[in-house]
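Chemist: Chains as they are written, first to last, in UniProt numbering: chain A, 1 to 338; chain B, 1 to 338.
Some hints here could point you the wrong way.
Stated by the list, open to error - Simulated pairs of lysine to any residue, SDA-like, Cα-Cα distance not exceeding 25 Å:
1) A:272 to B:210
2) A:271 to B:210
3) A:82 to A:105
4) A:271 to B:99
5) A:171 to B:250
6) B:271 to A:322
7) B:210 to A:64
8) A:20 to B:300
9) A:113 to B:325
10) B:272 to A:239
11) A:272 to B:239
12) B:271 to A:286
13) B:272 to A:215
14) B:271 to A:259
15) A:272 to B:58
16) A:210 to B:272
17) A:146 to B:233
18) A:272 to B:122
19) A:336 to B:284
20) A:272 to B:325
21) B:272 to A:313
FYI, nobody ran anything at the bench for these hints, they're computed from the structure.
2 protein chains.
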Amino acid sequence: MSQSHNTRIVLASRPQGRVKPENFRIEEQPIPVPGSGELLLKILLLSLDPYMRGRMDDAKSYAAPVAVNDVMEGGTVAEVVKSNHPDYVAGDIVLSHSGWQSYAISNGVGLRKLNSEAAPLSTAVGILGMPGFTAYTGLLTIGQPKPGETVVVAAASGPVGATVGQIARIKGARAVGIAGGPDKCAFIKNELGFDVAIDHRAPDFANQLKDACPNGIDVYFENVGGPVWDAVFPLLNTFARIPVCGLIAQYNSLDLSGNDRLPALMRDILKKSLTVRGFINREFVDQRPAFFEAMNAWLHSGDVKYREDIVDGLTNAPKAFIGLLDGHNFGKLVIKVA
Amino acid sequence: MSQSHNTRIVLASRPQGRVKPENFRIEEQPIPVPGSGELLLKILLLSLDPYMRGRMDDAKSYAAPVAVNDVMEGGTVAEVVKSNHPDYVAGDIVLSHSGWQSYAISNGVGLRKLNSEAAPLSTAVGILGMPGFTAYTGLLTIGQPKPGETVVVAAASGPVGATVGQIARIKGARAVGIAGGPDKCAFIKNELGFDVAIDHRAPDFANQLKDACPNGIDVYFENVGGPVWDAVFPLLNTFARIPVCGLIAQYNSLDLSGNDRLPALMRDILKKSLTVRGFINREFVDQRPAFFEAMNAWLHSGDVKYREDIVDGLTNAPKAFIGLLDGHNFGKLVIKVA
Numbered sequence: 001m002s003q004s005h006n007t008r009i010v011l012a013s014r015p016q017g018r019v020k021p022e023n024f025r026i027e028e029q030p031i032p033v034p035g036s037g038e039l040l041l042k043i044l045l046l047s048l049d050p051y052m053r054g055r056m057d058d059a060k061s062y063a064a065p066v067a068v069n070d071v072m073e074g075g076t077v078a079e080v081v082k083s084n085h086p087d088y089v090a091g092d093i094v095l096s097h098s099g100w101q102s103y104a105i106s107n108g109v110g111l112r113k114l115n116s117e118a119a120p121l122s123t124a125v126g127i128l129g130m131p132g133f134t135a136y137t138g139l140l141t142i143g144q145p146k147p148g149e150t151v152v153v154a155a156a157s158g159p160v161g162a163t164v165g166q167i168a169r170i171k172g173a174r175a176v177g178i179a180g181g182p183d184k185c186a187f188i189k190n191e192l193g194f195d196v197a198i199d200h201r202a203p204d205f206a207n208q209l210k211d212a213c214p215n216g217i218d219v220y221f222e223n224v225g226g227p228v229w230d231a232v233f234p235l236l237n238t239f240a241r242i243p244v245c246g247l248i249a250q251y252n253s254l255d256l257s258g259n260d261r262l263p264a265l266m267r268d269i270l271k272k273s274l275t276v277r278g279f280i281n282r283e284f285v286d287q288r289p290a291f292f293e294a295m296n297a298w299l300h301s302g303d304v305k306y307r308e309d310i311v312d313g314l315t316n317a318p319k320a321f322i323g324l325l326d327g328h329n330f331g332k333l334v335i336k337v338a
Numbered sequence: 001m002s003q004s005h006n007t008r009i010v011l012a013s014r015p016q017g018r019v020k021p022e023n024f025r026i027e028e029q030p031i032p033v034p035g036s037g038e039l040l041l042k043i044l045l046l047s048l049d050p051y052m053r054g055r056m057d058d059a060k061s062y063a064a065p066v067a068v069n070d071v072m073e074g075g076t077v078a079e080v081v082k083s084n085h086p087d088y089v090a091g092d093i094v095l096s097h098s099g100w101q102s103y104a105i106s107n108g109v110g111l112r113k114l115n116s117e118a119a120p121l122s123t124a125v126g127i128l129g130m131p132g133f134t135a136y137t138g139l140l141t142i143g144q145p146k147p148g149e150t151v152v153v154a155a156a157s158g159p160v161g162a163t164v165g166q167i168a169r170i171k172g173a174r175a176v177g178i179a180g181g182p183d184k185c186a187f188i189k190n191e192l193g194f195d196v197a198i199d200h201r202a203p204d205f206a207n208q209l210k211d212a213c214p215n216g217i218d219v220y221f222e223n224v225g226g227p228v229w230d231a232v233f234p235l236l237n238t239f240a241r242i243p244v245c246g247l248i249a250q251y252n253s254l255d256l257s258g259n260d261r262l263p264a265l266m267r268d269i270l271k272k273s274l275t276v277r278g279f280i281n282r283e284f285v286d287q288r289p290a291f292f293e294a295m296n297a298w299l300h301s302g303d304v305k306y307r308e309d310i311v312d313g314l315t316n317a318p319k320a321f322i323g324l325l326d327g328h329n330f331g332k333l334v335i336k337v338a
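Only chain A is shown next, with the shape it has when bound in the complex (with noise of 0.2 Å):
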């Protein structure tokens, strides 16, 4: 791939079901010319996140779906390059939402000015950009867990299960953590602290997490979906909140065999008192100034830690989607653009 020419990815069709290689189409085009009063971007890094799965998708969302043969979204961290706006000159670092592209035009409008030197650049698309927030916010929002409750994330080696884990046991609750495989469990037990964690791929996993919540689920962030549903929803109490910010479990498919398990949730929804709260971070773009303020204290004191899993090119980025969909990723996903 030429550095003299814009390298996009592009939607080349619709998954039906699982995400293949074949759905996104790697294009060159010439390095686009910002007009009076725009910016041409440099992408360096991408931020791959369960999300984008939906807008591959063309059905009804709070999101409009990515165009068939349009550039995929994402944010980014850019360099400006050429400007011809006001606000900003070349050489300035700004979060940005360009997508799946090594260059990209913007107006100025939406991004973020960012300090090379106040944290790592991938943070602002990890534990203090979108991840980071949505499991700020989900959780303290929507969950508000208190000293003693016990909370259960799914996904806990993922950028928003690691950080809702650390912020429970900074609030006083315990952690119950959810991942796939030793390494990840190894990880958010010993070095994310949570109090205990459980591999979902166990034979008695439901009874592991069972064990794991002897006075029950008090909050649950649902992230997840799927088999880890199950196992949750009778350990859910009376007054349990479940914010719901992913479903990866089902995003390739809605599988409505078996059991209709509506009523049930309904009738626990009633008698339990149950709160179920899906959310978006835009809902609550008022309490970003106090989760800067917080998390950056949380990561200088060390009670909150992150890791990344950073993929290098940008051409690599459909394959490390397709395998952060099946849990492939340890880590914040990050595609290293330039």
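Starting from the known structure of chain A, fit chain B onto it as the hints suggest.
Modeler: The following block gives chain B in isolation, referenced to the frame of chain A:
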């Protein structure tokens, strides 16, 4: 039934599916004698409410089930006939939770004195009691209707649904009520001022609901479940709120057949940022004073109206309760005990 005895209706057996008359047993016992610090209450009115169906099952819930051979529980309006309690004298009228019987002993805990000149006594178990408070707190605290939004409620001629719709209109929202049969529909539209009334028995019910909600549904106050849920679900807007206070359509059985509707619910909770929250009144006990003040004002101004369905005679309670579960009542169902 002799007035020299206490007539009580006990749970004879737990229902298997639908409630049957033989699940109840009528007993005659001596009128109990109050001990030191106790009161003898003569029950005047007994409230019959859908939640009692749940108490007949031996299932975990926010409240313990009624034991077999115990008196069925329920809210009551009673007269103090003998008092060994310093705060009460014979002749006082109180709100109590004395159950399905004609006399009861109380130690005074949980009683509230009623002023029979301020409002009809039956309102203490209706519009100014648990059903009214359920509507008020569930709609305003969880539903949070905004001007111009669409609020849908079923069982809309019942004491909760009727109040939900009227408060929704007071708050500037559109109220779409669902009821069974032309009389109830005419009542909620013409008497209570709902914007639209829809008969859930109509063959094209789901289409009628869709037509009645051209801008979708922002608040669905869930008090029935069943087929109404299926019609409501696809119409829910982003950020819709669903207070869950009852599921009368599924109390008699949990139908697990058919497609699994859980994945679609979770998907929409995520994609539409829905809030689904069960609740019980005791969560909101601090809102009692505000409720009384607001509801008394609305009753006085005529902004809120109510309808009661008074059935004479305690021994008719089982039949009336079974009818309630089938939607045969028309307004708040109250048994006139004495």
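Chemist: Now look at each hint and say whether the structure bears it out.
Modeler: Now for the hints, and whether the structure bears them out:
Of the pairs offered as hints, the one joining residue 272 of chain A and residue 210 of chain B is violated, with about 31 Å between alpha carbons and a cut-off of 25 Å exceeded. Under the criterion of a C-alpha separation no larger than 25 Å, the hint pairing residue 271 of chain A with residue 210 of chain B is inconsistent with the structure, at around 29 Å. Distance hint between residue 82 of chain A and residue 105 of chain A is fulfilled; the C-alpha atoms sit about 10 Å from each other, no more than 25 Å. The suggested pairing of residue 271 of chain A with residue 99 of chain B holds, with an alpha-carbon distance near 21 Å, which does not exceed 25 Å.
For a cut-off of 25 Å, the pair hint linking residue 171 of chain A to residue 250 of chain B is broken: about 38 Å separates their Cα positions. For a cut-off of 25 Å, the pair hint linking residue 271 of chain B to residue 322 of chain A stands: about 21 Å separates their Cα positions. Using a Cα cut-off of 25 Å, the hinted pair residue 210 of chain B and residue 64 of chain A holds, with the two alpha carbons roughly 23 Å apart. For the proposed pair residue 20 of chain A and residue 300 of chain B, the alpha carbon gap of about 66 Å is over 25 Å, so the pair is violated.
Between residue 113 of chain A and residue 325 of chain B the alpha-carbon distance is near 61 Å, which puts this suggested pair outside the 25 Å criterion. Annotation: proposed proximity of residue 272 of chain B to residue 239 of chain A holds, straight-line Cα distance about 22 Å (limit 25 Å). Of the pairs offered as hints, the one joining residue 272 of chain A and residue 239 of chain B holds, with about 22 Å between alpha carbons and a cut-off of 25 Å not exceeded. Distance restraint check for residue 271 of chain B and residue 286 of chain A: the Cα-Cα separation of roughly 21 Å lies within the 25 Å cut-off, and the hinted pair is therefore satisfied.
A hinted pair counts as satisfied when its Cα atoms are at most 25 Å apart, and residue 272 of chain B with residue 215 of chain A does not qualify at roughly 32 Å. Pair hint residue 271 of chain B plus residue 259 of chain A holds up; C-alpha atoms about 23 Å apart against a cutoff of 25 Å. Proximity of residue 272 of chain A to residue 58 of chain B is assessed by CA-CA distance (about 15 Å); at most 25 Å being required, the pair is judged to hold. With a C-alpha separation of about 31 Å, the suggested pairing of residue 210 of chain A with residue 272 of chain B is violated against the 25 Å cut-off.
Between residue 146 of chain A and residue 233 of chain B the CA atoms are separated by roughly 33 Å; this puts the pair beyond 25 Å, and the hint is violated. Pair hint residue 272 of chain A plus residue 122 of chain B does not hold up; C-alpha atoms about 29 Å apart against a cutoff of 25 Å. As the CA atoms of residue 336 of chain A and residue 284 of chain B are separated by approximately 51 Å, the hinted pair breaks the 25 Å bound. With a CA separation close to 21 Å, the supplied pair residue 272 of chain A and residue 325 of chain B stays within the 25 Å bound.
With a CA separation close to 34 Å, the supplied pair residue 272 of chain B and residue 313 of chain A exceeds the 25 Å bound.
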